[in-house]
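Enquirer: Using the sequences plus the hints, can you model the full thing?
What follows is the residue order along each chain.
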Amino acid sequence: MLENFIYGMPWLILLLGIFSVPLFSYFSKSNTLPWHVTEFFVLASFFFEVVFYNKPINKQFFAADYYTLLFSCVIYVCALSLLLLARRWHSSMSTSGTLYCEGLLVGILSGNILIDVTNFAFVPFLLCGLMLGNYLIFRHSDNKKGSSFGFVYALSCFVCGIILILCSVALGLDNGSLQYTDIEQYLLINNSSSAAYILVLLLVFCFVFILGAAPLHFWYTETLGQTILPVMAYFTLFPPIVIFSVWNRFNMTMFMPFHTQVGIIYGAIALLSMFGGALGACSVVNIRKIISYGSMYHFGMMILLMQNFKSGDIVNLTIYLLVFLLATYGIMVSLFGLKSKGEYLFMLNDLSGAARKKPYVSAMITAYLFSLVGFPPFLGFIGLFNSVHNLVINNHPYMLFMILGTTAVLVFAYLQIIRTLYFARGNTVFDRTERGIYAVMLFNALLMLSVSLKPEWLIANIKFMTEGTLG
Amino acid sequence: MPDLLMIMFLLPLIGCLFAMLAPKNTGNAFNVAIFTMSAELLMILLLFSKIGDDETATRHIMQTYDWINVLNLKISFGINSFSLIILLGVYLALIIGLAGLAEQMRKNKSLMLVMLYFVWTMTGFFIADDIVSFYIFYAAMLLPMFMLSGLFGYDRNTLPVSRFFMYNFCGVFCLLAAMAFLYRFYHGNILLENIAFIDMNKRIGIAVWLMSCFAFISRIPVWPFHYWFSSVNYGVKNPLVYIVGNMLPLTGLYAMIRFWPLCVPESVELLVPFIEILSILTMIFIALIGFANKEFLYKLFSYNTVYYMLFLLAVILPTDTLKMNIAYSLFIFMIVGASLVVLDIKMEEKNVGNNGNYHGMLAYMPKFAKVLSFFVLIAIGLPISSFFWSNFVLISALFAQNVVIGTFVVLAICLVATSLINELYDMHIQSSSVNQYSGVTDLSNTEVMFWMSVISLLLLSFFDPMWFVF
Numbered sequence: 005m006l007e008n009f010i011y012g013m014p015w016l017i018l019l020l021g022i023f024s025v026p027l028f029s030y031f032s033k034s035n036t037l038p039w040h041v042t043e044f045f046v047l048a049s050f051f052f053e054v055v056f057y058n059k060p061i062n063k064q065f066f067a068a069d070y071y072t073l074l075f076s077c078v079i080y081v082c083a084l085s086l087l088l089l090a091r092r093w094h095s096s097m098s099t100s101g102t103l104y105c106e107g108l109l110v111g112i113l114s115g116n117i118l119i120d121v122t123n124f125a126f127v128p129f130l131l132c133g134l135m136l137g138n139y140l141i142f143r144h145s146d147n148k149k150g151s152s153f154g155f156v157y158a159l160s161c162f163v164c165g166i167i168l169i170l171c172s173v174a175l176g177l178d179n180g181s182l183q184y185t186d187i188e189q190y191l192l193i194n195n196s197s198s199a200a201y202i203l204v205l206l207l208v209f210c211f212v213f214i215l216g217a218a219p220l221h222f223w224y225t226e227t228l229g230q231t232i233l234p235v236m237a238y239f240t241l242f243p244p245i246v247i248f249s250v251w252n253r254f255n256m257t258m259f260m261p262f263h264t265q266v267g268i269i270y271g272a273i274a275l276l277s278m279f280g281g282a283l284g285a286c287s288v289v290n291i292r293k294i295i296s297y298g299s300m301y302h303f304g305m306m307i308l309l310m311q312n313f314k315s316g317d318i319v320n321l322t323i324y325l326l327v328f329l330l331a332t333y334g335i336m337v338s339l340f341g342l343k344s345k346g347e348y349l350f351m352l353n354d355l356s357g358a359a360r361k362k363p364y365v366s367a368m369i370t371a372y373l374f375s376l377v378g379f380p381p382f383l384g385f386i387g388l389f390n391s392v393h394n395l396v397i398n399n400h401p402y403m404l405f406m407i408l409g410t411t412a413v414l415v416f417a418y419l420q421i422i423r424t425l426y427f428a429r430g431n432t433v434f435d436r437t438e439r440g441i442y443a444v445m446l447f448n449a450l451l452m453l454s455v456s457l458k459p460e461w462l463i464a465n466i467k468f469m470t471e472g473t474l475g
Numbered sequence: 454m455p456d457l458l459m460i461m462f463l464l465p466l467i468g469c470l471f472a473m474l475a476p477k478n479t480g481n482a483f484n485v486a487i488f489t490m491s492a493e494l495l496m497i498l499l500l501f502s503k504i505g506d507d508e509t510a511t512r513h514i515m516q517t518y519d520w521i522n523v524l525n526l527k528i529s530f531g532i533n534s535f536s537l538i539i540l541l542g543v544y545l546a547l548i549i550g551l552a553g554l555a556e557q558m559r560k561n562k563s564l565m566l567v568m569l570y571f572v573w574t575m576t577g578f579f580i581a582d583d584i585v586s587f588y589i590f591y592a593a594m595l596l597p598m599f600m601l602s603g604l605f606g607y608d609r610n611t612l613p614v615s616r617f618f619m620y621n622f623c624g625v626f627c628l629l630a631a632m633a634f635l636y637r638f639y640h641g642n643i644l645l646e647n648i649a650f651i652d653m654n655k656r657i658g659i660a661v662w663l664m665s666c667f668a669f670i671s672r673i674p675v676w677p678f679h680y681w682f683s684s685v686n687y688g689v690k691n692p693l694v695y696i697v698g699n700m701l702p703l704t705g706l707y708a709m710i711r712f713w714p715l716c717v718p719e720s721v722e723l724l725v726p727f728i729e730i731l732s733i734l735t736m737i738f739i740a741l742i743g744f745a746n747k748e749f750l751y752k753l754f755s756y757n758t759v760y761y762m763l764f765l766l767a768v769i770l771p772t773d774t775l776k777m778n779i780a781y782s783l784f785i786f787m788i789v790g791a792s793l794v795v796l797d798i799k800m801e802e803k804n805v806g807n808n809g810n811y812h813g814m815l816a817y818m819p820k821f822a823k824v825l826s827f828f829v830l831i832a833i834g835l836p837i838s839s840f841f842w843s844n845f846v847l848i849s850a851l852f853a854q855n856v857v858i859g860t861f862v863v864l865a866i867c868l869v870a871t872s873l874i875n876e877l878y879d880m881h882i883q884s885s886s887v888n889q890y891s892g893v894t895d896l897s898n899t900e901v902m903f904w905m906s907v908i909s910l911l912l913l914s915f916f917d918p919m920w921f922v923f
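Top line first, the protein sequences correspond to chains A and B.
Under the numbering used here, think of the first position of the first sequence as 5, with each following residue one higher.
Under the numbering used here, think of the first position of the second sequence as 454, with each following residue one higher.
Treat the hints as calculated values from the structure; they're not laboratory data.
Glycine included, each C-beta is placed from N, C-alpha and C at the ideal position.
Fair warning: there could be bad hints in the mix.
What the hints assert, rightly or not - Result set (DSS-like, lysine-lysine): computed pairs, CA atoms no more than 30 Å apart in a straight line:
(1) 467(A) / 59(A)
(2) 314(A) / 59(A)
(3) 823(B) / 803(B)
(4) 560(B) / 776(B)
(5) 820(B) / 799(B)
(6) 477(B) / 361(A)
(7) 820(B) / 776(B)
(8) 314(A) / 63(A)
(9) 690(B) / 823(B)
(10) 690(B) / 799(B)
(11) 343(A) / 361(A)
(12) 823(B) / 799(B)
(13) 458(A) / 314(A)
(14) 799(B) / 560(B)
(15) 527(B) / 314(A)
(16) 477(B) / 343(A)
(17) 361(A) / 560(B)
(18) 527(B) / 467(A)
(19) 458(A) / 527(B)
(20) 343(A) / 560(B)
(21) 477(B) / 345(A)
(22) 33(A) / 343(A)
(23) 803(B) / 690(B)
(24) 747(B) / 820(B)
(25) 747(B) / 655(B)
(26) 747(B) / 690(B)
(27) 361(A) / 690(B)
Said to hold, decoys possible - Rough simulated footprint, nothing fancy, chain A against chain B, three-plus residues with beta-carbon under 8 Å:
(28) 520-532
(29) 596-604
(30) 626-635
Expert: Here it is in structure tokens:
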């Protein structure tokens with residue numbers, strides 16, 4: 005019992021954090037205290053997660069292996085990076101970020117348990133937890149339109165949650181066990197059953213909804229274009245880590261019996277997201293919307309990488325995801341460095357000629373954008389090359405040309421940003437960029453550079469950590 | 454020797470670092486660029502001394518780097534006299550471009566930084582020996598090219614630069630797709646010279662070769678893909694940007710040379726007549742445009758296009774013996790093209806407010822006129838440099854292959870030569886009011902010395918194209 009309690013420390017600490025942060029916020033006048041408290045709890049939880057990486061709280065319901073360790077670490081690092089940026093944003097605006105901290109802690113807790121869990125009974129509740137975290141962060145946005153979108157999001161989440169719980173109950177009553185492996189056996193026997201197929205599809209669309217990929221992207225791009233920068237950073241970076249880690253596990257277990265049918269659905273979702281993302285990015289002049297549409301495109305690309313249901317795909321997907329996270333985080337940090345009269349800029353016109361006044365920030369944005377589209381010699385090339393290679397090996401030449409076509413469209417959208425930064429003339433007076441932002445930017449760039457020089461380190465470790473456990 | 458190659462490869466990056474640290478609005482970054490380029494020249498001469506003037510097509514593989522073992526991805530670098538002499542031409546052209554920069558531009562740190570990055574990608578491209586590294590540098594050079602053209606090339610709308618980038622980007626993606634197929638059939642990275650021997654089925658073979666050809670031809674101004682070349686180069690006020698823009702077709706041509714197999718497979722054979730017809734059409738069409746146009750820069754564009762077409766036709770001839778002739782021609786072609794554009798832009802700068810043209814220039818800028826005349830004479834292929842010999846061999850080979858093609862090629866070359874000579878004639882025409890140019894300064898003695906050394910380099914090549922190899 006005590007052993008289980010100790011192994012559950014990472015989650016307990018996060019739970020404690022969820023209750024403590026509002027209390028600290030209530031009793032303290034300082035705006036920064038909730039941030040420091042949250043950082044403390046996240047760091048402490050991270051520490052115990054790494055120490056007990058191979059010790060599950062309960063072997064029957066939870067897994068603890070290299071795969072869970074990899075994604076848990078990515079979640080913690082991402083959360084800490086988001087906290088770092090969000091704290092700076094709030095301190096510059098002199099506002100409280102309690103709701104953001106709460107949302108993030110709820111998200112980390114749900115995400116972490118989701119990665120570890122091997123029993124479907126927990127999944128609907130944990131997904132609801134993740135969506136609750138997302139909703140809290142939505143509410144945190146002070147923008148009225150953002151808040152109204154938050155209501156739509158909450159309503160959709162509620163419907164989603166109810167459906168998932170009903171599915172779980174129905175499955176439990178029919179099969180008796182809700183372990184992933186048992187459900188896989190059940191679906192293998194009932195693979196002609198349309199009810200089973202609908203269950204799988206519902207789960208897939210639930211993931212698609214949380215990600216904000218097409219066709220359920222109605223809440224994603226428009227909202228993120230208008231919310232505050234920390235909220236946008238959260239939605240672009242955090243949910244994909246959790247969702248893809250869980251999705252991978254489902255693909256290797258529960259979804260396997262339907263791999264032919266679901267593979268086609270994946271292909272359709274991927275192409276829709278890629279086309280929608282690339283074309284959408286071309287049609288807007290708000291840099292945040294361009295990045296959001298771009299993210300939608302990248303989610304499509306990642307979904308496409310899963311369609312063959314092979315263990316090698318997990319490696320390719322993880323590589324692509326990590327490259328995406330690094331590059332997108334780099335862009336977010338750079339956007340934090342572009343401020344005028346205390347306001348963070350997001351319209352392309354406001355950024356005209358930024359390269360003259362902010363050469364390093366502009367250079368970083370350019371490098372990250374090119375990295376996102378897989379342009380050599382930037383790190384993104386590894387991700388794109390892996391994906392293209394994967395498609396050719398799996399005999400999808402037409403898909404390959406579609407990817408290249410949509411990427412070219414996305415490049416055009418990103419080129420808009422670069423043209424504005426470098427070639428346009430503008431009168432915007434930029435505020436001084438904080439040294440901390442430069443430091444984070446430099447660290448991120450050095451990390452990307454070192455991985456570009458020796459990607460073997462990244463690929464071999466991911467291969468070892470994922471294929472060995474899920475493969 | 455491998456160390457020399459790596460030093461040559463890394464030097465521009467080190468130069469970038471120094472240029473980045475240089476203070477703003479001083480000539481320090483320019484000095485770093487000049488120093489880096491000179492060091493690169495020295496490296497090339499050292500490499501030449503190591504491999505000698507070995508004119509065979511064999512590549513001296515010097516460096517293999519395990520990049521991603523999991524994917525069986527090894528990066529190979531190598532060099533031979535063919536690549537080295539073209540690289541030497543590129544470096545010299547860039548040095549000429551740097552020398553031709555206006556004082557204000559020399560203090561521009563960003564220009565030097567992007568230029569050195571471009572040099573790095575070019576160096577990597579010419580020493581790349583396998584398909585992956587070749588692709589990486591083939592694509593990577595687009596970014597500095599885009600930045601150079603957009604930031605320092607124009608005072609006007611930069612939309613053509615974006616279009617040019619997008620267009621070339623599509624070409625790059627075609628190469629990526631072709632590379633992915635080759636990678637699959639070879640089960641790993643492959644050396645460029647082995648590509649023709651990969652056993653692919655006919656349909657995939659045609660697809661791969663079509664994609665590669667599109668990727669390379671997209672950079673060579675062949676009709677209907679020629680538009681970007683003129684739109685990007687037209688109106689450029691910075692000689693370095695023009696020279697860099699003019700190097701992009703060179704990369705496409707070089708890529709064709711590296712890819713195009715000597716024993717043409719069936720799938721490639723299909724493409725030959727199309728390339729020949731398109732090249733001839735472009736040559737005649739652009740030569741006529743240049744002939745009709747009055748601007749020297751446009752004539753120069755027409756000249757460059759026609760000669761690139763000539764080299765392209767020579768590349769697809771089923772023989773390996775012309776390779777070094779193409780390299781000798783390209784070497785002179787790069788230097789002459791760079792010199793002419795620098796001189797033209799310099800002349801425009803000196804003639805600011807005086808309707809800059811060549812009328813009566815011999816009277817008020819005699820030194821300038823003489824230097825320009827020399828370069829025009831070399832450019833049109835008079836027997837004063839190795840350009841004459843090499844072109845003679847190339848054109849003879851084209852005639853031997855197909856008389857009709859040979860005739861059209863000679864016709865186009867004559868047209869561009871006539872349009873350039875016309876400029877020389879203009880220099881002699883006494884303008885009605887020579888006095889209006891009284892304030893215009895001629896070349897300084899230092900400038901004359903610089904140009905004379907470039908001319909000497911070209912003249913010496915008449916006796917031995919590789920006279921600098923000891």
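Enquirer: Please go over all the hints and tell whether each is borne out by the structure.
Expert: Outcome of the hint check:
For the given pair, residue 467(A) sits about 22 Å from residue 59(A) by alpha-carbon distance, which is consistent with the 30 Å threshold. The straight-line distance between the Cα atoms of residue 314(A) and residue 59(A) is roughly 27 Å, inside the 30 Å bound, and the hint therefore holds. For a cut-off of 30 Å, the pair hint linking residue 823(B) to residue 803(B) stands: about 16 Å separates their Cα positions. A C-alpha spacing of about 40 Å is found between residue 560(B) and residue 776(B), which places the hinted pair above 30 Å, so the restraint is violated.
Using a Cα cut-off of 30 Å, the hinted pair residue 820(B) and residue 799(B) holds, with the two alpha carbons roughly 13 Å apart. Proximity of residue 477(B) to residue 361(A) is assessed by CA-CA distance (about 13 Å); at most 30 Å being required, the pair is judged to hold. At roughly 37 Å between alpha-carbon atoms, residue 820(B) and residue 776(B) are farther apart than 30 Å, so this suggested pair is violated. Distance check on the hinted pair: residue 314(A) and residue 63(A) sit about 26 Å apart at the alpha-carbon level, within 30 Å; holds.
A threshold of 30 Å between alpha carbons decides the hint, and for residue 690(B) with residue 823(B) the separation of about 23 Å falls inside it, so the pair holds. About 10 Å separates the Cα atoms of residue 690(B) and residue 799(B), which keeps this hinted pair within 30 Å; it holds. Among the hinted pairs, residue 343(A) with residue 361(A) is consistent with the structure: their alpha-carbon atoms are about 12 Å apart, no more than 30 Å. Only pairs whose Cα atoms come within 30 Å are accepted, and residue 823(B) paired with residue 799(B) is accepted, the gap being roughly 14 Å.
A threshold of 30 Å between alpha carbons decides the hint, and for residue 458(A) with residue 314(A) the separation of about 25 Å falls inside it, so the pair holds. Restraint check for residue 799(B) and residue 560(B): satisfied, since their Cα atoms lie roughly 17 Å apart, inside the 30 Å limit. Between the alpha carbons of residue 527(B) and residue 314(A) the distance comes to roughly 25 Å, so the proposed pair stays at or under 30 Å and holds. For the proposed pair residue 477(B) and residue 343(A), the alpha carbon gap of about 23 Å is at most 30 Å, so the pair holds.
Only pairs whose Cα atoms come within 30 Å are accepted, and residue 361(A) paired with residue 560(B) is accepted, the gap being roughly 17 Å. Between residue 527(B) and residue 467(A), the direct Cα distance comes to roughly 18 Å. Compliance with the 30 Å bound is thereby established for this hinted pair. A threshold of 30 Å between alpha carbons decides the hint, and for residue 458(A) with residue 527(B) the separation of about 12 Å falls inside it, so the pair holds. Restraint check for residue 343(A) and residue 560(B): the C-alpha separation of about 29 Å stays at or below 30 Å, so the hint holds.
With a CA separation close to 26 Å, the supplied pair residue 477(B) and residue 345(A) stays within the 30 Å bound. Proximity of residue 33(A) to residue 343(A) is assessed by CA-CA distance (about 27 Å); at most 30 Å being required, the pair is judged to hold. For the given pair, residue 803(B) sits about 13 Å from residue 690(B) by alpha-carbon distance, which is consistent with the 30 Å threshold. Between residue 747(B) and residue 820(B) the alpha-carbon distance is near 23 Å, which keeps this suggested pair within the 30 Å criterion.
In summary, the hint linking residue 747(B) to residue 655(B) is not supported, as the alpha carbons are separated by about 49 Å, beyond the 30 Å threshold. Only pairs whose Cα atoms come within 30 Å are accepted, and residue 747(B) paired with residue 690(B) is accepted, the gap being roughly 17 Å. A hinted pair counts as satisfied when its Cα atoms are at most 30 Å apart, and residue 361(A) with residue 690(B) qualifies at roughly 24 Å. Counting residues of the region 520-532 of chain B whose beta carbon lies closer than 8 Å to any beta carbon of chain A gives 5, which reaches the threshold of three, so the coverage claim holds.
As drawn, the region 596-604 of chain B meets chain A at 4 residues by the rule of a beta-carbon pair under 8 Å; at three or more, the given contact holds. With 6 residues bearing a CB less than 8 Å from a CB of chain A, the region 626-635 of chain B meets the requirement of three and the coverage assertion stands.
Of the hints listed earlier, those the structure fails to meet are numbers 4, 7, 25, in rising order.
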